[in-house]
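Asks: Please construct the entire structure, taking both the sequences and the accompanying hints into account.
Taken in sequence, the protein lines are chains U and X.
In this text, residue positions in the first sequence follow the numbering used here: the first is 1, and each later residue adds one.
In this text, residue positions in the second sequence follow the numbering used here: the first is 1, and each later residue adds one.
Just so you know, the hints here were simulated from the structure itself, not pulled from any lab data.
Check before you lean on any hint, since a few could be wrong.
What the hints assert, rightly or not - Label pairs and their in silico Cβ distance ranges:
| id | chain 1 | residue 1 | chain 2 | residue 2 | range |
| --- | --- | --- | --- | --- | --- |
| 1 | U | Lys69 | X | Gln100 | 37 to 45 Å |
| 2 | U | Asp100 | X | Glu146 | 50 to 58 Å |
| 3 | X | Asn198 | U | Asp14 | 58 to 66 Å |
| 4 | U | Glu37 | X | Pro336 | 28 to 36 Å |
Unchecked claim - Derived BS3-like pairs: lysine-lysine, alpha-carbon spacing no greater than 27 Å straight-line:
| id | chain 1 | residue 1 | chain 2 | residue 2 |
| --- | --- | --- | --- | --- |
| 5 | X | Lys194 | X | Lys181 |
| 6 | X | Lys334 | U | Lys148 |
| 7 | U | Lys91 | X | Lys337 |
| 8 | X | Lys60 | X | Lys334 |
| 9 | X | Lys60 | U | Lys71 |
| 10 | U | Lys91 | X | Lys60 |
| 11 | X | Lys337 | U | Lys148 |
| 12 | X | Lys337 | U | Lys69 |
| 13 | X | Lys288 | X | Lys103 |
| 14 | X | Lys273 | X | Lys191 |
| 15 | U | Lys69 | X | Lys60 |
| 16 | X | Lys194 | X | Lys273 |
| 17 | X | Lys194 | X | Lys184 |
| 18 | X | Lys312 | X | Lys334 |
| 19 | X | Lys43 | X | Lys15 |
| 20 | X | Lys60 | U | Lys148 |
| 21 | U | Lys133 | X | Lys384 |
| 22 | U | Lys71 | X | Lys337 |
| 23 | X | Lys60 | U | Lys133 |
For every residue, glycine included, the Cβ atom is placed at its ideal position computed from N, Cα and C.
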Amino acid sequence: MALSYDILQQRLTDKFEGQVSNFQESYGMMEFEAPKEINLKVLNFLYDDEQLKFRFLTDLCAVHFPENKGKELAVVYHLHNMEDNIRVRFKVYTDINQPDVYTASGLFSAANWMERETYDFFGVNFVGHPNLKRILNVDEMDYFPMRKEFPLEDQTRIDKDDEMFGRG
Amino acid sequence: MSEHHIKLPEGSIEKTTTTLNLGPTHPATHGVFQNIIELDGEKIISAEQTVGYIHRAFEKLAERRPLYQVTPITDRLNYCSSPINNMGWHLTCEKLLGVQTPKRVDYLRVIIMELARISDHLICNSIVGVDTGAYTGFLYVMQYRELIYEIYEEVCGSRLTTNIGRIGGFERNFNDIAFQKLEKFLKEYPKVLKEFENLFQRNRIFMDRCQGTGAISAERALNYGFTGPNLRAAGIDYDVRVHSPYSSYQDFAFNIPVGTTGDNYDRWLVRNKEMWESLGIIEQAYRKVQEFKGAEAEVFHADVPEYYLPEKKDVYTKMEALIYHFKIIMGETKIPKGELYFPVEGANGELGFYLISDGGRTPYRLHFRRPCFIYYQAYEELTKGSMLSDAIVTMSSLNLIAGELDA
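Replies: Spelled out as structure tokens, the structure:
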């Protein structure tokens, strides 16, 4: 029987006894969340299970919700079951003051750089990652620029003159 | 040991390997790529990539731009096939906003996207040729890439970073010159591609250089998140155009070419075959476009004036246009809340847009799934134990585009 979102939800609820929660479907894709401590267990279950077979990590990134106290950072996994052609979005939330999330790079080689990118921009500390260092930004950078507390430059700013660009 | 041999100080470690810093700017890397390669003679022991030299913080920039202003950013991802990125972004917005595009728009988009795919594969395959010592093919096919760029130019006015189309369709209908150029392309290009194919496909030198180098198994390719021609060369028939069709791709008949070994030769073959398939899709789409009669033949965008800027002369003379102009500029257009992931088949893999909208005029978060960023991390595994000269070919046959890699 082809896999459907209903079956997936049932299987996950049975397996993790309600720890996997907040199932919702929008724009044709199902999403759910789990506590960050069991992210690897969920990913492994989705990968190994003979019915679910989510064996392709499409995307991994983070989102910052400053209003969401205690759960400021969301790490978002997009997984794909290519045989049944079904995609899911899986989220774990973490406290920004202690952004430790287990790495998925042992399961997916693809996660290696995607986690480095996520660390680079959001400061999510992937525990167990083999080489967690900045990837796109310079190594000396001491902040995480995609967090919402760093706004882009004010567009109405007028104090920029030739001097600033070495042409004065 | 001869008398002249340099004597190392007592206790020093004799290093038997060579460290080679390849890049960031090197004629053979075709882009800003740095590799710190450890060599034993000519064999590669390890390769460490440094990326990010042209990082431009697109995801951050996008957080302050209204949806329609994000399009020029997407141009600069994979700049060998900008139209696919543009269309991918428009399709993402349309899905968020619930815009239905007319069939003619879909077909015109398909024409442009497949032209972009051809031009991208053409560059990649001919560069593989250059790196194996055949410059002629590259120069020869360049004039047809030029013709493709002229078609873009007729449609949108620019060539490389196209910023083509808008939410709902195109800015203007394709003019007659665009269709004439397209016909010229359809007529002349098959012969050229055939000749290009003859130059390489069964060329002894080319085959010897490419077969068996840079190979990856299907299982590893999946684990590494390969998509597009690189994944198909490893033998997995995954194509977004078929698995989750967008822009009416379900109306076209085409094959997905797959390879078996995932080596440089198979990647070249898959791209070459895909160009033939794209050509077939363009022919079908052009025929379908010609079938529209009367008013239908003039349709080039969906009727969604709230999402694109009206023509300037209308703003001065028409009430409606003035209102929409004002609303768009002042950010009064209603954007629904939502969260979606939309993939399209880019020229080098699955290009995905993960968009979170909080109902504001700009995206709350926009993440680009950039295929070559994800598969470039396999480079070390692909080249370990091979010769340095093979690693150069592997790099170009992966179709790495620095703009996309570094976003």
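Asks: If a hint holds in the structure, say so; if it doesn't, say that too.
Replies: Results for each hint:
no.: 1; hint: U:Lys69 <-> X:Gln100: 37 to 45 Å; in the structure: 40 Å, holds
no.: 2; hint: U:Asp100 <-> X:Glu146: 50 to 58 Å; in the structure: 53 Å, holds
no.: 3; hint: X:Asn198 <-> U:Asp14: 58 to 66 Å; in the structure: 59 Å, holds
no.: 4; hint: U:Glu37 <-> X:Pro336: 28 to 36 Å; in the structure: 34 Å, holds
no.: 5; hint: X:Lys194 <-> X:Lys181; in the structure: 20 Å, holds
no.: 6; hint: X:Lys334 <-> U:Lys148; in the structure: 23 Å, holds
no.: 7; hint: U:Lys91 <-> X:Lys337; in the structure: 18 Å, holds
no.: 8; hint: X:Lys60 <-> X:Lys334; in the structure: 22 Å, holds
no.: 9; hint: X:Lys60 <-> U:Lys71; in the structure: 21 Å, holds
no.: 10; hint: U:Lys91 <-> X:Lys60; in the structure: 21 Å, holds
no.: 11; hint: X:Lys337 <-> U:Lys148; in the structure: 18 Å, holds
no.: 12; hint: X:Lys337 <-> U:Lys69; in the structure: 21 Å, holds
no.: 13; hint: X:Lys288 <-> X:Lys103; in the structure: 9 Å, holds
no.: 14; hint: X:Lys273 <-> X:Lys191; in the structure: 14 Å, holds
no.: 15; hint: U:Lys69 <-> X:Lys60; in the structure: 22 Å, holds
no.: 16; hint: X:Lys194 <-> X:Lys273; in the structure: 11 Å, holds
no.: 17; hint: X:Lys194 <-> X:Lys184; in the structure: 16 Å, holds
no.: 18; hint: X:Lys312 <-> X:Lys334; in the structure: 22 Å, holds
no.: 19; hint: X:Lys43 <-> X:Lys15; in the structure: 15 Å, holds
no.: 20; hint: X:Lys60 <-> U:Lys148; in the structure: 9 Å, holds
no.: 21; hint: U:Lys133 <-> X:Lys384; in the structure: 22 Å, holds
no.: 22; hint: U:Lys71 <-> X:Lys337; in the structure: 20 Å, holds
no.: 23; hint: X:Lys60 <-> U:Lys133; in the structure: 20 Å, holds
Taken one by one, the earlier hints all hold for this structure without exception.
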